[in-house]
Amino acid sequence: MKELTKIEEILLLTIWRLKDEAYGVGIRKYVSRIIEKEFTYGNLYSALSQLTKKKYVKKTLGDPTPDRRGRRKIYYSLSPAGLNALKDARKMNQKMWEGISEYAFD
Amino acid sequence: MPPRKSHPPRIAGWILKYTARYEENFALFGDFDEEFQEIARTKGTFFARLWYWRQCICSLPVFTRDFFYWRFIMLKNYLKIALRSLKKHKGYSFINISGLAIGMAVCMLIFLWVLNEVSYDRFHEKADRICRITMDFKIGSALHTPVCITAAGPALVDDFAEVVTAARMDRPRRVTVKYEDKTFQEENVGTAENTLFDIFSFPFVSGDPKTALEAPYTVVITESTARKYFGDENPLGKILRINDEKDFSVTGVIKDIPPNSHLQFSMLRSFQTLKAEKSVRDNQWFDLRFYTYLLLDEHNDPGLLEQKLPEFIDKHIGKALNAAGGSAQIFLQPLKRIHLYSDFERDISANSDITYVYLFAGIAIFILLIAGINFINLSTARSTKRAQEVGMRKTMGAVRSRLIGQFLGESMIHSILAMVLAVMLILLLLPLFNSIIGGQLSLNFIQIPWLFAAFLGMALIVGLLAGIYPAFILSSFLPGHVLKGSFKAGGSHSRLRKILVVFQFSISIALIAATIIVTSQILFMKNKELGFNKEHVVVIPQISESIRKSYRPIRSELLSLSGVIDVGASDIVPSRGQLIAPFLPEGFTDDQVMTMDYIDVDAHYIPTMGMKIIAGRNFSDDLATDPDESVLINETAAKKIGWENAVGKRFIFRPPPNSGGKTFYVSVIGVVKDFHMQSLREKIEPLIIFYDEDSLSTLSIRIAPDNIPHTMGLLKKKWKELDPNRPFQFLFLDDSFDSLYRSEESLKTITFCFSFLAVLIGCLGLFGMASFTAEQRTKEIGIRKVLGASIPGIVRLLAKEFMLLVVFANLIALPLAFFVMNRWLQSFAYRMSIHALVFVLPAALSLFIALITVSFQAFRAAFANPVDSLRYE
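Keeping their order, the protein sequence lines are chains B and A. Take 1 as the starting number for the first sequence in the working numbering and just add one per residue. Take 1 as the starting number for the second sequence in the working numbering and just add one per residue.
Honestly, the hints are just simulated from the structure, not real lab data. Treat each hint with caution, since some may be false.
Simulated crosslink set (BS3-like; lysine-lysine; CA at most 30 angstroms straight-line) [to be verified]:
#1 A:K394 with B:K58
#2 B:K55 with A:K76
#3 A:K528 with B:K54
#4 B:K59 with A:K17
#5 A:K673 with A:K528
#6 A:K17 with B:K37
#7 B:K29 with A:K17
#8 A:K76 with B:K53
#9 A:K228 with A:K528
#10 A:K182 with A:K717
#11 A:K76 with B:K59
#12 B:K58 with A:K76
#13 A:K673 with B:K53
#14 A:K336 with A:K138
#15 B:K55 with A:K394
#16 B:K54 with A:K336
#17 A:K717 with B:K2
#18 B:K54 with A:K779
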């Protein structure tokens, strides 16, 4: 299996964390906070459509609200493949960072 | 009460809508709106709008990237399908592409030719400011000519400030040029003033353009002429002997003249030479010999200058003109119009005609149209084959515009392939084409880089125009209809296809008819009784002075050769034009002068040429009075003057006033049966024939029709003895007459090629259509055969449909051809009568060709075993 890219890793983690709140606006704001700069919708949906295609995430339609001028939300959740991918990523990260202290690069 | 809704910026929303292409678009827009409202509530609408715009613009790169990514994926699919269907239907693709390629090749060739035609004389830096003087001159006879009054050029420069300079030049002619031991007949040797180089851009390789032709007996030559005579030596200062009379020193070498110049010469002698020889003076106002070019100043307005010209003429020669009862008008012809807009007598060079440019461009476009129609017809006819695919694509969510795009793209692929093929065809055909039109065209993408873009553009436009109708038809299929399998396309659009086929064949048939008419007119002209016998006459033009002086003994020497029947002499070569002058028949008042052609001959010319004396007698060697007192006239002259019995009538010759000469008379001793001396475009004019051994310059030798090579060998050997200094130059009179019709001949070749191509492309299309119909009706034919239909019956059934179209096309094309070609024939004084055969032949030919094309497929379908076609029902 191919490794996740950083942005995919971040997105999958975000979706997993946000659980029921994992739709466009929520995901974008959360990711923006983590990477500490504006994460655009362009990047978000481009990546999300790739993740969907790779079957890492599932989509569920939500309800339209007045603020959205009648457009439904799409809620994202992890598929088993997505979960596995996250597990692998975690394992790899752990191996990669093993024995390196927080101050190693100071 | 809910808070008032703020609206997101419309334009940004619009951009978003057209750039973002995801399945999740609705959610994406929702997200945008939701966050926008949130910010609007907390920070205000302004910030919300700002955010929206920023978000939108920052997202754009990604959107567009993805947009093209998906497009690209689909494009690959379209391309794959296009190539697959190309491969799968090799026959149709071949017909489509090769037909289109031929059409394009013709179009491009003509385009190259037109480009060359309109480029004439544009290479001169001052082309916009150069004019040529043309005249309508009438003293007795009217002359519409670019030959100008000798004195006019310098006088115009003196009189008008806007005329910067003028240059006179004569018509380049053939002379003998000798350098050391090398002798050549040089075809294009002219005489010009040095100012010619101020006016035109003929760049000098060596020598000084300011002074090259200032002195008498100097000559400027072109680079290739220099190489011919001097090899690698420096040509400056070398001496060339011209016509074995005068020595000229080379004072300049210019670059070879581009082929797209109406002025063509290999050598230019200085005008000063003529002045030194006293054969020209600057104040000659009644002498028309030279072509005069003017350079106007930068603020020139030729129209304005032209208005002042009548006054100019009046000032200088008004009185003399009035006295002579003549008139003269001068006009300015811009340099750039010379090649395409000249219809003058005695022009400096043979020019083209803008009508031909339009004509050929029109035909080329028609041929491309025929090829395009093939494409449309075959594509719509074969739409059934693609219907399944269209249905499938639509079911999978393809929108109509995308499908139109796909099919348009496919037709463009076809047309680009056709263009590649066409370029190869052109490279192959250019030499042939050049030999037909006598040009030097080349397909040089490096020289003219935009040519490539032009061709590509043409391919794309053709692809678009030919593809747009089939694309709309194909994309209109309803998937439900198609996929159920009950669909039969092609039928509903057959009316348009029929119209298009009729159109195609009309063009082809009209072209065939035109070819036949041109061909038979040429045959008519070549075979028409000319009034003398042009066969087996050897003409030796431009005999030298020494030969002329001892003409009589030389004549008897030539007669002693075996195979020589008779020898005569004249001042001109028949077919090459003769001089005209005013003559006054006795009994007419002075203002009733007759304009007549005149030639000078010896006593043996009339019998040598086989001309017939219908009244009176020929000149006689033995009568000393004949040269001075006797003339012959032709029938037309007798008729025009109104002499019923012309023999014995007289012409009056009055000397110019104050010249001290005496009035004298010449009397008509005989009338010659009318004979043609020119192209049959021209009427036979009144002609007067003088007996003048001093102005003879051309020998005509009638030889026996058998063993011509032997006779020619003897003649050549004899001539070498008689005139050792000059090469033996001769021509056959019948060739010379045939060459009068060179432009008609090339018109014939071109209409023939065009009609051949039009028919070929049309038949390709017909073949495709016929095979398609046959294929579609396989089952019908199977059933018919089972029920007992005969093979001829089935062939008739299949062929009838198409043959009717061709018959219909004939009905349209033939009257059209008649109308157009009749107008063309009007330009000939002597023309064939259009007989029925001219129309029967194209009709029969087109029907025959169409029948063969169609019946090939029809027979194949008719012979097919019904078991094969019906097995699957």
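Hints the structure violates: just list their numbers, smallest first. Per hint list: 3, 9, 13, 16, 17 and 18 violated.
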